[in-house]
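Undergrad: Residue numbers (my numbering), protein chains in the order written: chain A, 1 to 230; chain Z, 1001 to 1247; chain R, 2001 to 2230; chain P, 3001 to 3069.
Read the hints as simulated data drawn from the structure, not as lab findings.
Please note that a few of the clues may not be correct.
Below, computed lysine to aspartate or glutamate pairings styled on EDC-like, alpha-carbon distance capped at 16 Å [as the list claims (entries may be wrong)]: (1) Lys-1239(Z) with Asp-3004(P); (2) Lys-2187(R) with Asp-2140(R); (3) Lys-3045(P) with Asp-1019(Z); (4) Lys-2030(R) with Glu-2080(R); (5) Lys-3059(P) with Glu-2080(R); (6) Lys-2030(R) with Asp-2044(R); (7) Lys-2036(R) with Asp-1151(Z).
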Amino acid sequence: MEQGNVLSYFNLFKLVLSRDLKIALRHRDDVLNPLLFFIIIITLFPLGIGPEPQTLAKIAPGIIWVSALLATLLSLDRMFKSDYQDGALEQLLLSPYPSFIWVLAKVIAHWILTGIPLIITAPVLAGMLNLPTESFLATFWTLLLGTPVLSFIGAIGAALTVGLKKGGVLLSLIILPLYIPVLIFATSAIDAASYGLPYGGQLAIIGALLVGALTLTPFAITSALKVSTN
Amino acid sequence: MWKWLHPYANPETTYHLSDRVIPWFGWLSGSLLTIGLVWALLFAPADYQQGDSFRIFYLHVPAASLSMGIYLGMAIAALCGMVWQLKLSDAAVAALAPVGAVFTAIALFTGAAWGKPMWGTWWVWDARLTSELVLLFLYLGVIAINNAFEDKQMAGKAASIIALVGVINLPIIKYSVEWWNTLHQGATVSKLGKPAMSLEMFWPFVVCFLGFAFFVATVTCIRFKTEILLRNSSRPWVKNLMLEQAK
Amino acid sequence: MPWENNNTIEFISLFIALQSLSAQIYLETKQLTCIKQDRILFEDLNVQFRRGDIIQVAGPNGAGKTSLLRILAGLAQPYEGTIEFDQNNINEQLELYRQNLLYLGHLPGVKSELTAQENLEFQLSLHGYGNSDAEALLADVGLLAFEQSLAGQLSAGQNRRIALAQLWQSNAKVWILDEPFTAIDAKGVEAIEQKILEHANNGGCVILTTHQELNLPSNRVSRLELDYRF
Amino acid sequence: MQFDSITAFLDMGGYGFFVWLSFGFGLIALLTLVLQSKSALKRAKSDIAKRIVTEQKQKLAAQQQNNHR
């Protein structure tokens, strides 16, 4: 009564990752919407605060990172919602593998679809905000290490609110307080870079947050998914 | 090992236990609070630097430390619930969250009101006040998710997960806010520190603290009873209880 | 009485019961209780599901049929009581249990952005049948020319057939099918009924719910009646 | 006694406004917490009592239906 080849963990990871990427690329808007949202928000700040380059340069790190936070938050809902609505989430939960693997695959797929576009467009917007050129590299590094943390922590909230009809506001109330450490260390790293100071320490802390999120949040995400599909 | 705790895992015995214990906590907290506040407001010496505005300290510091303590208690209840599948822990989390939120709000408000005469503005991004504000958001998150689900069982489990995720992140948030505060903080603004505590100030503080602590215990037990009833409303013991009380 | 619970059990013939008594018990519930929105759906349910059984869970709407099936599949947690697969609790050996389980719920679990073949291949490899021929299976369920068409463009019945195609491949010990015949035409229903009988005959155990009459030999089907409790 | 008169006590060395504002807010917050908790308990009890009554009515209605059939 046993069956054919049971997938190795890495094959399962690849299978779920490629499926998610294929689905997302089949309809582009899922990728473009958070990106356009990120760009629009950043263009709002100068309109609100005024175009003086000095003030913009001073608050550019905060604007970039708060916009990245909100763009990720907006796209979190998509991570489990469609699988929940068509029953694919139940089949994944009932697959004979530890759910850590496919949860990891889904979150990384989400990061590839939302995190990487942010990292690519950030330099252009930083330029618009007159960010000093020394901080461009720092912005890149903080976004590269920080956006996965946003996806992992955000996935817990997404998993908890996937079953709720109006879960969007609740998702931000639960998750935004948990984003504060990443925001603080990322913006201070970019600030330090603009004065030419070393920012390795801040990056190390964001890296630590990333490794912590990478190893711990899938367990929370799994139990959250079990609650939502109860 | 925890044999003596086992009977209390059954909701009925815990319900009656908290029923019996409420009057004791109530009277204890009432008397301690009256003694403590009268002592603090009337007899304790004023601070040589801050004068009588220092008396807010007897309300602000107990509220702040209790708000942290309640969150910790809530997280421990959530952990027990997850590890031993206890139904009562969901009720405990649901009972504790609003009490903690109220104490955090009190700590925030009194902190701001205490800071105004010293710093001239109502809100100062002081490390402790900011962490207290984030703690309030964490509480509101737990309360919101508790009311978001119709099914009480799911709501309880979801709230426990968020309480646990919150308690893991709390120290990280606290230290990053403190680190952020020292980064942007000019040396001029004096921190909301506790000045050297003479004995005449220390004892009223202890009495006030105990008074507030027992107050938390009383209100939590009342809310705990409500949550147990709501979660077991289809069980026979609740129905008989209702019929008895209806007579 | 091999099955004792406070729900009425309708026996077709004692001989079948005695013959199945000796068969190996796959799944057994112990004092299973389920409470949804403060209403007790069923209480202290002790049922044994044996090798070669076809069990139809019957009862009015809201009696808790779907909840019972989801609890048996391990998707939902009961309020009280345990479920044992091969004499040990499913929560202790989830992966082993899931290797021997096929669950099809109300939702087919089919992604509308993927083609019928991609969907089936994903579900098959998820349950360890990666190397099976998806096209042939789709032909078996009457979707011969539809392999490459997107599931989103197919009808609800066709989507459900994609999910049901797994029955032609899976030899998992326990099948849990929640209303498998919805949106399926008469010929399809007939084919699925034969598949269920064939699976039960070579040692499987099928638990299903359906509102239409099963035209299977009545001595092969036993009913578990759940009544509506206030 | 740190204060020699009621007015001095109320004045709190010039900080009276802030001290009484904090303690007033504290008192109101704690009071509302207690009252809300008590009324929630009462409401829960009455809800359950009402539900028991409706359940019995539903049972009776179901039985009458069975007797008619």
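Undergrad: Hint by hint, which ones does the structure fall short of?
TA: 1 and 5
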